[in-house]
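Chains as they are written, first to last, in numbering that gives the first Met the number 0: chain D, 0 to 167; chain R, 0 to 108.
It is possible that some hints are incorrect.
To be verified - In silico SDA-like cross-links for lysine to any residue, where the CA-CA straight-line distance does not exceed 25 Å: (1) K75/R <-> K100/R; (2) K112/D <-> G92/R; (3) K89/R <-> A110/D; (4) K147/D <-> S16/R; (5) K112/D <-> A58/R; (6) K89/R <-> G114/D.
Hints were generated in silico from the structure; no laboratory data involved.
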Amino acid sequence: MRKSFLRFAFVFAAVAIVVLSACKSGPKDADLEKTVTEKLSAASTDVTGGSATVKDGVVTLSGVFKDDASKAAFETTVKAIPGVKSVVNNSTVAPPAAPVPAPVVINGDDALKPGVTDAIKDFPGVKAEVKDSIITLTGDIKRASLQKLMMSLHTLKAKKIENKLTIK
Amino acid sequence: MALQDKYKELLDAASTSGVSNLQVREQDNVLYIDGDAPTGEVKDQLWAIYNKIDPDFRAADVVMNVNVAAGAAGTKATVTTDSSNLNVRKGPGTDQPIVGKAAHGSTVT
Chain D
0 MRKSFLRFAF VFAAVAIVVL SACKSGPKDA DLEKTVTEKL SAASTDVTGG SATVKDGVVT
60 LSGVFKDDAS KAAFETTVKA IPGVKSVVNN STVAPPAAPV PAPVVINGDD ALKPGVTDAI
120 KDFPGVKAEV KDSIITLTGD IKRASLQKLM MSLHTLKAKK IENKLTIK
Chain R
0 MALQDKYKEL LDAASTSGVS NLQVREQDNV LYIDGDAPTG EVKDQLWAIY NKIDPDFRAA
60 DVVMNVNVAA GAAGTKATVT TDSSNLNVRK GPGTDQPIVG KAAHGSTVT
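Hey, can you work out the whole structure from these sequences and the hints?
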């Protein structure tokens, strides 16, 4: 009689532990994982390669977020899901995109002309025309002087420099 | 990117020779190279390479606006005008009044 009571008590205790622990863990890990994954796909503009695993209510996040703010915001969202005990955030933030190079500054004809006149004044025989920000050189020049002329013309921010000079 | 390949030697030289604020941009089939060269020698060297790749600068596909960074106080400069004296003017441009002259071939500081 006493032996069967003990056996009954043991079984009861075992059942109680199972039931209690099931209650304690709340929503199952698999369900949580599904919820978090859904949230990840909802935030697909903020994160690439996002994934989540859940073990004992602890959510482990990975992926690359576009910035710190979206990473932190998503972590807050996940923490707010009922049943989530804590979040291990292994996700990273994408490095800032390379700055878009500023467009090339090109001076208009009016700004170019005085500089061109200045540049060619020391080179008799050289004629220059400025049109649509393109400097076109005609006439003739000594080879030794060509580079010096070019060096000064290239600082004027022209669109391009057409060299049609005859080199002597 | 074809132009950057064509002028690769020039671009490599610019980045290894300490040209600061170096910007290389390709726009409408013209390669724009901007920057500040640490010395006149570096600038001359870059121009020599440019002249080697594009003899006599005929291709009209580069605008190389590389200037020598403003020299520190006391930097020596040699007047390299063709033959005449160098006019020292009040401001940039030949319309500015002349405030002095430096002799051809002399060294100024």
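- Message: K89/R and A110/D were given as a pair; does the straight-line alpha-carbon distance stay at or below 25 Å?
- Response: 20 Å, holds
- Quick one, are K147/D and S16/R close enough, alpha carbons at most 25 Å? 21 Å, holds
- Item | Given hint K100/R paired with K75/R - CA-CA distance at most 25 Å | Holds: K75/R and K100/R sit about 16 Å apart, inside 25 Å.
- Pair hint outcome, K89/R versus G114/D [Cα-Cα no greater than 25 Å]: Judged against 25 Å, a Cα distance of about 16 Å means the pair holds.
- Query: Going straight from one Cα to the other, do K112/D and A58/R come out at no more than 25 Å?
  - Reply: 22 Å, holds
- Message: What's the verdict on K112/D and G92/R, does the C-alpha distance respect the 25 Å limit or exceed it?
- Response: Holds, at about 12 Å.
Going down the numbered hints, you'll see the structure goes against none, and every one checks out.
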